[in-house]
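**Student:** Sequence:
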Amino acid sequence: MHPTPPYHFDLTAGFATFFQGRYGGDIFEEGILHKLLDVNGHLCLSRVHSLGTVAAPELEVELTGPILNNSVLDAARQQIAWILGIEQDLTGFYRLVKEDDALASLAEAMRGLHIPHVASIYEALVLAILGQQISSHVAQVLRTLLIERYGQSLDIDGVLYRSFPRPDALASAGVDGLHALGFSVRKSEYIWEISRQVTSGTLDLEGLRARSDEEVAQALIALRGVGPWTVHWLFIRAFGRTDGFPYGDLALCRIMGQLFNAGTPFTPEQALDYSRRWSPYRSYVTAYLFAAKRSGYAFPSV
DNA sequence: GGCCAGGTTCGCT
DNA sequence: AGCGAACATGGC
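First residue of the first sequence? That's 132 in my numbering, and the numbers climb one at a time after it.
All the pointers check out, no bait thrown in.
Just the calculated beta-carbon pair ranges, DEER-fashion: (1) Gly289 with Asp344: 43 to 53 Å; (2) Ser267 with Ile163: 18 to 28 Å; (3) Ala187 with Arg226: 15 to 25 Å; (4) Ser426 with Gly305: 30 to 40 Å.
Please keep in mind that the hints were generated in silico from the structure rather than gathered at the bench.
Fair warning: this is a prediction, and the values are worked out from it, not measured in the lab.
Virtual Cβ for every residue (Gly too), placed ideally from N, Cα, C.
Generate coordinates for the entire structure from the input sequences, incorporating the hints supplied.
**Tutor:** The following block contains the structure:
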């Protein structure tokens, strides 16, 4: 597999798994990403590692599973390509940030980071609601519990791999089942309601891919538990749109305040106003700022 | 122990 | 419209 250069596999896979290590069902260790895919109902373990360089990237993908016909293999490869964002072209974004010293050095430090995508809109939506207003550490604990309790699993050579729960699993878990894991009753209700609608076919999340930003936002905000922050997070991580900007994100307001406001956090309005100069590449700016924060990058102050 | 975390809803002026 | 509380939990 040949990603569009520049492509930094470790940074991109590390972003997808939050830090190197375990992330719910996903494992990224020693340069190898292990991820159990759920491809049209077929479980398929993928192992991905890099053979190339940032400038000349190449990925090797190994697929293992009980039922691997050509169509499953094909779909699995496509899913990996999507998850790892290999087709993204960063040149427009890099050209844009040259105008800004702080962003330019940050982009240079993270050169080749593509935005990893979540496999399905449903998974991204549940994860976004799960992560609202709780620390990333707590979110990681809850996510792992959710996947271990309700996800699919596959034993390969004595190792149990897991994938994200299917909508019907969370629908039948019920509000009580989710609450028992440590979710608030309210979050349990949100996730349960969405899972039920997806299971019954009332809600076609994947069908939203063909719609405009405005139509997607309208459809998603109609769901309980989904506000503007969640919609934009999904634009970035699930729809692969380039101009998402999570309005009201506390951490983002702080990072942007460090970079552009002498250390004083931006208000959500200030952050949104400031972000307009990055359009239509705000998804990349957002991802790079978060990636930098996670990696301990020392943000230069104004 | 108090306060806060990569929000959203709900009920009150 | 706009404001504050509630939500649930782990870490500092």
